[in-house]
Amino acid sequence: MPLNFRPNPEKIVELLLYLAHARPGADAYQAVKFFYLADREHLARYGRPITQESYVAMKFGPVASTAFDLLNGNPNAMRLAKVNELPFVTEQVPRLWKSPLTYIREPKREVDFDLFSKSDIRVFDEILAKYGKLSFDDLYHITHKHYAYTRAWNARGTAKASPMRYEEMIESEDARKRLVEDVGPVAANF
1 MPLNFRPNPE
11 KIVELLLYLA
21 HARPGADAYQ
31 AVKFFYLADR
41 EHLARYGRPI
51 TQESYVAMKF
61 GPVASTAFDL
71 LNGNPNAMRL
81 AKVNELPFVT
91 EQVPRLWKSP
101 LTYIREPKRE
111 VDFDLFSKSD
121 IRVFDEILAK
131 YGKLSFDDLY
141 HITHKHYAYT
151 RAWNARGTAK
161 ASPMRYEEMI
171 ESEDARKRLV
181 EDVGPVAANF
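The opening position of the sequence shown corresponds to residue 1 in my numbering, with each subsequent residue numbered one higher.
In case anyone wonders, no lab produced these hints; they're calculated from the structure.
Given the structure is predicted, the values throughout are model-derived calculations rather than measurements.
Do not take every clue at face value.
Unchecked claim - Using 20 Å as the maximum straight-line C-alpha spacing, the simulated SDA-like pairs for lysine to any residue come out as follows: (1) Lys98 with Phe68; (2) Lys108 with Leu17; (3) Lys133 with Lys82; (4) Lys177 with Lys133; (5) Lys59 with Ala159; (6) Lys160 with Trp97; (7) Lys11 with Phe113; (8) Lys82 with Ala159; (9) Lys118 with Arg48.
Stated by the list, open to error - Label-pair restraints from in silico Cβ distances: (10) Pro24 with Glu181: 35 to 43 Å; (11) Ser119 with Pro87: 21 to 29 Å; (12) Ser172 with Arg109: 22 to 30 Å; (13) Lys108 with Ala161: 25 to 33 Å.
For glycine and all other residues, C-beta sits at the position ideal for the given N, C-alpha and C.
The task is simple: from the sequences and hints, build the whole structure.
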């Protein structure tokens with residue numbers, strides 16, 4: 001039984017805002033990797049992810065779909081998150097031969113911490129401390145070694161992306177089985 005969490009768009013927006021406070025200047029690539037690493041770590045420790053994001057394996061690694069769509073101004077993602085605009089300034093920087101890269105600049109308001117548990121913020125802070133200053137290449141190499149990513153990427157066939165499974169974010173097969181037994185039946189209710 002897969003762990004089917006439903007993304008929490010409001011919490012995703014608020015965690016992006018937290019990132020704007022904690023690490024202004026982060027780009028979209030870093031943001032989606034920080035979300036993945038934090039959700040993966042929180043799941044391993046506490047049996048649930050922070051954001052319940054939908055993750056896909058893409059060429060450059062795991063992507064937090066909702067966060068990525070929000071950072072790129074996707075109208076449907078904005079509607080689902082119940083926001084007309086993001087609570088932080090973003091900047092689209094053109095790149096030669098590539099689509100523009102979005103950067104998170106300064107926050108427009110304070111974070112609503114009522115949406116988070118203490119463990120949510122603690123784990124996200126730990127992820128920022130551990131991975132926050134790593135290069136694109138470093139994050140690429142770290143996340144490409146993860147079981148969940150390699151399983152999804154290798155299963156994609158000719159597609160450009162493949163859904164990742166939360167239970168596969170747990171590296172130990174025994175721990176993975178226990179988590180699915182414990183959390184699987186209620187995962188969609190988080």
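Hint-by-hint comparison with the structure:
1. Lys98 with Phe68: holds, 16 Å
2. Lys108 with Leu17: holds, 8 Å
3. Lys133 with Lys82: violated, 31 Å
4. Lys177 with Lys133: violated, 34 Å
5. Lys59 with Ala159: holds, 10 Å
6. Lys160 with Trp97: holds, 18 Å
7. Lys11 with Phe113: holds, 10 Å
8. Lys82 with Ala159: violated, 30 Å
9. Lys118 with Arg48: holds, 13 Å
10. Pro24 with Glu181: 35 to 43 Å: Hint holds: Cβ distance 41 Å, inside 35 to 43 Å.
11. Ser119 with Pro87: 21 to 29 Å: With a Cβ separation near 23 Å, Ser119 and Pro87 satisfy 21 to 29 Å, so the hint holds.
12. Ser172 with Arg109: 22 to 30 Å: Since the Cβ atoms of Ser172 and Arg109 sit about 40 Å apart, the hinted range of 22 to 30 Å is violated.
13. Lys108 with Ala161: 25 to 33 Å: Because 31 Å falls inside the window, the suggested range holds.
Checked against the numbered hints given earlier, the structure breaks hints 3, 4, 8 and 12 and satisfies all the rest.
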